[in-house]
Amino acid sequence: SAVISQKPSRDICQRGTSLTIQCQVDSQVTMMFWYRQQPGQSLTLIATANQGSEATYESGFVIDKFPISRPNLTFSTLTVSNMSPEDSSIYLCSVGTGGETQYFGPGTRLLVL
Amino acid sequence: SQQGEEDPQALSIQEGENATMNCSYKTSINNLQWYRQNSGRGLVHLILIRSNEREKHSGRLRVTLDTSKKSSSLLITASRAADTASYFCATVPTGTASKLTFGTGTRLQVTL
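Chains as they are written, first to last, in the numbering used here: chain X, -8 to 104; chain U, 43 to 154.
Please keep in mind that the hints were generated in silico from the structure rather than gathered at the bench. By construction, the Cβ of each residue, glycine as well, lies at the ideal position given by its N, Cα and C atoms.
Restraint ranges, calculated between C-beta atoms of paired labels, are given here:
1) U/Gly101 - X/Gln19: 27 to 35 Å
2) U/Thr153 - X/Gln15: 33 to 41 Å
3) U/Ser100 - X/Ser18: 19 to 27 Å
4) X/Ser(-8) - U/His99: 16 to 24 Å
Computed cross-link-like contacts, DSS-like style, restricted to lysine-lysine with a CA-CA straight-line distance of at most 27 Å:
5) U/Lys111 - U/Lys68
6) U/Lys98 - U/Lys112
7) U/Lys98 - U/Lys111
8) U/Lys141 - X/Lys(-2)
9) U/Lys141 - U/Lys98
10) X/Lys56 - U/Lys141
Let's have the full structure, built from the sequences with the hints guiding it.
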């Protein structure tokens, strides 16, 4: 298993601003993922964070809106850019450790006013 | 779009009763997993069943998989108040290299 932390745990932001969310893992992992969970909804995959190369985005998500960095095998950031109230969600990172199970961070609860 | 549909959307039972949740999906899969989420926090992995398996047990959990019907069920026996949470099925579609596609989820409330 892996222990994952996220910062911040929650934030309230003004529209038009950007927020960077950090995800730290206690061990080196191959695969890291970012998900969005809108209020009362299920999880939707935003992108796969690739170490040393550009993230792979899912349909409906673009790099300009959700830039992702992954400088090493234990850390990644997701930025939510030019926020609007529709971006209010829980953002979760997860990791795959080579098996098929994913381990999730505690999530970042974002409210955009 | 989301792969799986779960039913019921919400389930309320009393402690000691069994809870059954169902998941349907649309395409062929490598495996299907069940996760639990407490109060909008991070998800916890419960159990994984591979496409060539039909049933799997883990403690009070029993999962079945019917690939011909593209459906799965999660049974929690002798439920406890601590089982109150949202439960999600998630599939790894064939050829997608570990990417999870989540179902809509079932909110389970276990009352004393």
